[in-house]
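K.L.:
Each protein sequence line maps, in turn, to chains V and W.
Under the working numbering, residues 1 to 441 are what the first sequence spells out, in order.
Under the working numbering, residues 1 to 517 are what the second sequence spells out, in order.
If you are wondering where the hints come from, they were derived from the structure by calculation, not from laboratory data.
Owing to the predicted nature of the structure, the values given are computational and were not obtained by experimental measurement.
It is possible that some hints are incorrect.
[To be verified] No farther apart than 25 Å at their CA atoms in a straight line, the calculated lysine-lysine pairs in the DSS-like style are these:
| # | chain 1 | residue 1 | chain 2 | residue 2 |
| --- | --- | --- | --- | --- |
| 1 | V | LYS249 | V | LYS176 |
| 2 | V | LYS151 | W | LYS428 |
| 3 | V | LYS176 | W | LYS516 |
| 4 | W | LYS428 | V | LYS412 |
| 5 | V | LYS249 | V | LYS282 |
| 6 | W | LYS220 | V | LYS298 |
| 7 | V | LYS176 | W | LYS220 |
[Said to hold, decoys possible] Label-pair distances were calculated between CB atoms; the ranges are:
| # | chain 1 | residue 1 | chain 2 | residue 2 | range |
| --- | --- | --- | --- | --- | --- |
| 8 | V | LYS249 | W | PRO270 | 56 to 64 Å |
| 9 | W | THR496 | V | ASP252 | 26 to 34 Å |
| 10 | V | PRO416 | W | SER174 | 17 to 25 Å |
| 11 | W | GLN455 | V | ILE201 | 21 to 29 Å |
| 12 | W | PRO301 | V | ALA227 | 19 to 27 Å |
| 13 | V | LYS249 | W | GLY492 | 32 to 40 Å |
| 14 | V | ASP147 | W | GLN455 | 45 to 53 Å |
Glycine is no exception: its CB is placed at the ideal position from the N, C-alpha and C atoms.
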Amino acid sequence: MDDRRGLSRREALLGGAVALAGMADSGAEARAGGAAAAPGRAKSVIQIWVWGGPSHLDTFDPKPEAGQNYCGPFNAPIATNVAGIRINENLPELAKIADKYSIIRSLTHGNNGHETASYITQTGRTPGPGPVYPGAGAVVSLFKGADAGYKGLLPPYIVLTELQGRFAEAGFLGYKAKPFATGGDPAQQRFMVEGVVAQGISEQRQRARRDLLHRLDTFGAAMAGDARVADLRQCEEQAYDMILGDAGKVFDLSQEKDDVRQAYGRGTFGQSCLMARRLVEKGVPYVTINYPGWDTHKQHFPAMRRKLPEMDRGMAALISDLSQRGLLDSTIVWWGGEFGRTPAVQWEAPWDGGRSHYGQVFGAVLAGGGFKGGQVVGASDARGEEVKERPVHPAVVLRSIYTQMGIDPNAKLPHPQGLDVRVAPTTLEAGGPVGVLREIM
Amino acid sequence: MAQAGVTVQDPRPKASTEAAAPFEQAREPVPLCKLDQILFAELKRKGLKPARPCSDAVFLRRAILDAAGTLPTAAEARSFLADKAPDKRARLVDGLLAREEFVDFWTLRWCDALRVKAEFPINLWPNAVQAYHRWVREAVRADMPYDRMARALLTASGSNFRNGSVNFFRAVQSKDPASIARAVALTFMGCRTDRWPRARLDGMALFFSQIAFKHTLEWKEEVIVWDQAKALVPKAPRSAVLPDGSRVALSAERDPRFAFADWLTKPGNPWFAAAAANRVWFWLMGRGIIHEPDDMRPDNPPSCPALLAQLQRELASGKYGLRSLIRTIMNSAAYQLSSIPRSTGPAAEALFAAYPVRRLEAEALVDAINQVTGTTETYSSPIPEPFTFIPESKRSIALADGSTSSAFLELFGRPARDTGMALERSGKPTAGQSLHLLNSSHIMQKLERGPEMQQLYIEARNTADGIERLYLTLLSRLPTDAERAAAQSYAGPSLTKAELVDLAWALINGPEFLCKH
Numbered sequence: 001m002d003d004r005r006g007l008s009r010r011e012a013l014l015g016g017a018v019a020l021a022g023m024a025d026s027g028a029e030a031r032a033g034g035a036a037a038a039p040g041r042a043k044s045v046i047q048i049w050v051w052g053g054p055s056h057l058d059t060f061d062p063k064p065e066a067g068q069n070y071c072g073p074f075n076a077p078i079a080t081n082v083a084g085i086r087i088n089e090n091l092p093e094l095a096k097i098a099d100k101y102s103i104i105r106s107l108t109h110g111n112n113g114h115e116t117a118s119y120i121t122q123t124g125r126t127p128g129p130g131p132v133y134p135g136a137g138a139v140v141s142l143f144k145g146a147d148a149g150y151k152g153l154l155p156p157y158i159v160l161t162e163l164q165g166r167f168a169e170a171g172f173l174g175y176k177a178k179p180f181a182t183g184g185d186p187a188q189q190r191f192m193v194e195g196v197v198a199q200g201i202s203e204q205r206q207r208a209r210r211d212l213l214h215r216l217d218t219f220g221a222a223m224a225g226d227a228r229v230a231d232l233r234q235c236e237e238q239a240y241d242m243i244l245g246d247a248g249k250v251f252d253l254s255q256e257k258d259d260v261r262q263a264y265g266r267g268t269f270g271q272s273c274l275m276a277r278r279l280v281e282k283g284v285p286y287v288t289i290n291y292p293g294w295d296t297h298k299q300h301f302p303a304m305r306r307k308l309p310e311m312d313r314g315m316a317a318l319i320s321d322l323s324q325r326g327l328l329d330s331t332i333v334w335w336g337g338e339f340g341r342t343p344a345v346q347w348e349a350p351w352d353g354g355r356s357h358y359g360q361v362f363g364a365v366l367a368g369g370g371f372k373g374g375q376v377v378g379a380s381d382a383r384g385e386e387v388k389e390r391p392v393h394p395a396v397v398l399r400s401i402y403t404q405m406g407i408d409p410n411a412k413l414p415h416p417q418g419l420d421v422r423v424a425p426t427t428l429e430a431g432g433p434v435g436v437l438r439e440i441m
Numbered sequence: 001m002a003q004a005g006v007t008v009q010d011p012r013p014k015a016s017t018e019a020a021a022p023f024e025q026a027r028e029p030v031p032l033c034k035l036d037q038i039l040f041a042e043l044k045r046k047g048l049k050p051a052r053p054c055s056d057a058v059f060l061r062r063a064i065l066d067a068a069g070t071l072p073t074a075a076e077a078r079s080f081l082a083d084k085a086p087d088k089r090a091r092l093v094d095g096l097l098a099r100e101e102f103v104d105f106w107t108l109r110w111c112d113a114l115r116v117k118a119e120f121p122i123n124l125w126p127n128a129v130q131a132y133h134r135w136v137r138e139a140v141r142a143d144m145p146y147d148r149m150a151r152a153l154l155t156a157s158g159s160n161f162r163n164g165s166v167n168f169f170r171a172v173q174s175k176d177p178a179s180i181a182r183a184v185a186l187t188f189m190g191c192r193t194d195r196w197p198r199a200r201l202d203g204m205a206l207f208f209s210q211i212a213f214k215h216t217l218e219w220k221e222e223v224i225v226w227d228q229a230k231a232l233v234p235k236a237p238r239s240a241v242l243p244d245g246s247r248v249a250l251s252a253e254r255d256p257r258f259a260f261a262d263w264l265t266k267p268g269n270p271w272f273a274a275a276a277a278n279r280v281w282f283w284l285m286g287r288g289i290i291h292e293p294d295d296m297r298p299d300n301p302p303s304c305p306a307l308l309a310q311l312q313r314e315l316a317s318g319k320y321g322l323r324s325l326i327r328t329i330m331n332s333a334a335y336q337l338s339s340i341p342r343s344t345g346p347a348a349e350a351l352f353a354a355y356p357v358r359r360l361e362a363e364a365l366v367d368a369i370n371q372v373t374g375t376t377e378t379y380s381s382p383i384p385e386p387f388t389f390i391p392e393s394k395r396s397i398a399l400a401d402g403s404t405s406s407a408f409l410e411l412f413g414r415p416a417r418d419t420g421m422a423l424e425r426s427g428k429p430t431a432g433q434s435l436h437l438l439n440s441s442h443i444m445q446k447l448e449r450g451p452e453m454q455q456l457y458i459e460a461r462n463t464a465d466g467i468e469r470l471y472l473t474l475l476s477r478l479p480t481d482a483e484r485a486a487a488q489s490y491a492g493p494s495l496t497k498a499e500l501v502d503l504a505w506a507l508i509n510g511p512e513f514l515c516k517h
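Based on the provided sequences and hints, a complete structural model is requested.
P.N.:
Structure below.
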């Protein structure tokens, strides 16, 4: 409600609630009965979280025919290596590998508030009474983490580089499902992962300090046998596996050849993509690249001229590299933000060619992990303002990802109050079962 | 590279009477009040042995951390340890209850229970959060009797920017009467209604079904009012059913919330005083007599019913002043037991045979590290229009808004404040927390560049003096002979700044600093 009030104050958008009923995928296998999902082949997810809301028109759903008031200066989309699919002209590298990913052009949830929309896209649920649900990363780390036999020394859910925050990523799953945020900047000379790499402390000093820590632990000796003190010790040991052991070496990007680092782009985003590939190689089940800078209310087009080439290079290099290493089949790359941006350009001051929040229709990209490439799911109308065919709720994307990961979307989550909560919603609030993206599975 | 993190020979001290010496007194605990008589008799009946009384140093640290979320300073430690008066513990408690940090810290605890946070998922605007926090803080500062506080929150009307207390209703995730009733039951009755028969919840919801939320011309302001015109179910009932099954007459001239508050706060209510007394005990002892503290139900009885009953009597005789109850508990021998158990196992834990060890709250931990190093945190709230400005001098325990951005607080288990449930706050250690404390630039910069560390280095006359100052600053006690020797041999005859930093680092990363004990 507040979000809609927000619209009337900030800038009027197309009003009205989305006809959610149309989204029910009655033909799809809803499995409300709880039958097991087919085992998926995906082992990891790399989520490129395009924070702020990327314009669907200026990325994977160009509308040059709608005219300058819609497409702005981007009126010459380019053909891809898949006949009939065209994308923004600033994405030439991605255009060369369109056969490796599929585009969803008909996502919709109708919400225009960052927090609420982020929550919907990452949990499949609308905030309301009852529990605060965990996002996809928390769910995957629960089902693929330590309790499920994950033996890796790296945390099962890693965010590059800052927490998404404020959406209670772990929800009611709590501390166990929270991500490890690396901090630091992979584009720097040395990627200073917070806690793993400490500048100016030699390995010798690390070992001497640790020995001192143990020598001075009188309280630990007095409390021998206490479970809480034992927990602290175990955590300390795990931490040293990262600090002094081999586990932490994964963050050393200087181990990569220079031309590889160059191919991804030398900026923070490109090197984050490279970092994500290294983590997935080590078996980390969920990596989020938190990619800020897409909330372009003002001066949208100059911002896109900076962002799109960087995104193009990093994301294309990631998909190609995964593919060459035989990892794409087991790794889902999921690109998307919380919503799209208003198709009609706001030329007037103070926006001066800006785009606002738009949850009525927006896009996402899925590659690898068993998802087919070279497909387009759904369509928006001629101006990208409404869904024209095959409305897709974010819950459908999540159910599809879980299914490919071999996680039963109808499995129960451990709820502190014992409530019956499933991995993904089985029905939409407006009614009807939630299906999967069967076209690309 | 050598094998990861494997220490060939464990250099840790061994468990012994010597190791326990800094933490406990070499005598048996003696009952000091009614609470002790009840608890110690129950322990005896179960064949369990209470721990020894904690040492003065441990008491000082524990009491300030529990009452004020704050670490004692080296000066406080020196003077408390030197004080020979027999009533020094009681005087310390009195002093603590008058401190501003006491107000901040107990406000923080109440704000966890009352879900004081901005925006997501409840869309509460930051200035409403500030008003709500201010109201709670004022109630704690003035020691508003708890029955009055509950009544004020339950019957409040007005603008949520101007009368902070109305945000009790506004900060519920959903505004339907049943959701409000759930929050009321959790907060004031210690009950999770998902375990209730539906009819009981529906009966209770009726009392909250005429609350209306009205918008004003001010951005995101809401006015909470009693809307007489809102239909009740069944229509225009003459009476309503309370959670204990009794009926209360309703009148069209009176907001039904008052009828509920009358019943709730009346002496003899089976939930209200028990939930409050149990909650205060839980906050001080780390575990409720009813465990979990917000899961009161017939099949989850108190571990020691007589103890809970006595606490309720203390609460009533103190006219529901929480400071009085806190004082009584902190002055008890039960609260002053050492953490080193002489009986172990679930029964001993449920009967508080030793003071339970637990990690400092996220806010208290970062404040403690800041205090010893003389540094601060930079907090901001990312919610636009208007930005919430938080001065550098603000301590973390005094933060109003549960959604203030902080990677540290997130990492160390700050509650999301979504439900108000006690288990939202986690003291569970994780490897990520260890990484941060052991090796992050955040902590290392505080140690290397913090002005208090520099001051300590300048003032230390020699290595031995530096070590003593470090122990008093970080652990509120003097080092043992064995600790002096170990620290001396690390530092050598002259103490360099890097060695001082390493010694401070080693103490901060030990369980004695990280935990309440």
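K.L.:
Now tell me if each hint is right for this structure.
P.N.:
Against the structure, the hints:
Among the hinted pairs, V/LYS249 with V/LYS176 is consistent with the structure: their alpha-carbon atoms are about 24 Å apart, no more than 25 Å. Restraint check for V/LYS151 and W/LYS428: the C-alpha separation of about 21 Å stays at or below 25 Å, so the hint holds. Taken as a hint, the V/LYS176 and W/LYS516 pair is honoured in the structure, with Cα atoms around 22 Å apart against an allowance of 25 Å. Under the criterion of a C-alpha separation no larger than 25 Å, the hint pairing W/LYS428 with V/LYS412 is consistent with the structure, at around 24 Å.
Note on V/LYS249 and V/LYS282: the hinted pairing holds, with a Cα-Cα distance of about 11 Å set against a maximum of 25 Å. Restraint check: the Cα-Cα separation between W/LYS220 and V/LYS298 comes to about 24 Å, which is no more than 25 Å; the hinted pair holds. A hinted pair counts as satisfied when its Cα atoms are at most 25 Å apart, and V/LYS176 with W/LYS220 does not qualify at roughly 35 Å. Separated by about 60 Å at the C-beta atoms, V/LYS249 and W/PRO270 satisfy the suggested range of 56 to 64 Å.
Taking the beta carbon of each, W/THR496 and V/ASP252 are about 30 Å apart, inside 26 to 34 Å as hinted. A C-beta distance of roughly 18 Å is found between V/PRO416 and W/SER174, which places it inside the suggested range of 17 to 25 Å. Between W/GLN455 and V/ILE201 the beta carbon distance is about 23 Å. The supplied range of 21 to 29 Å therefore holds. Look at W/PRO301 against V/ALA227: about 24 Å separates their beta carbons, and that is inside 19 to 27 Å.
Checked against the hint of 32 to 40 Å, the pair V/LYS249 and W/GLY492 passes, with Cβ atoms roughly 33 Å apart. For V/ASP147 paired with W/GLN455, a C-beta distance near 47 Å keeps the hint of 45 to 53 Å intact.
The structure does not agree with numbered hint 7 stated previously, though it agrees with all others.
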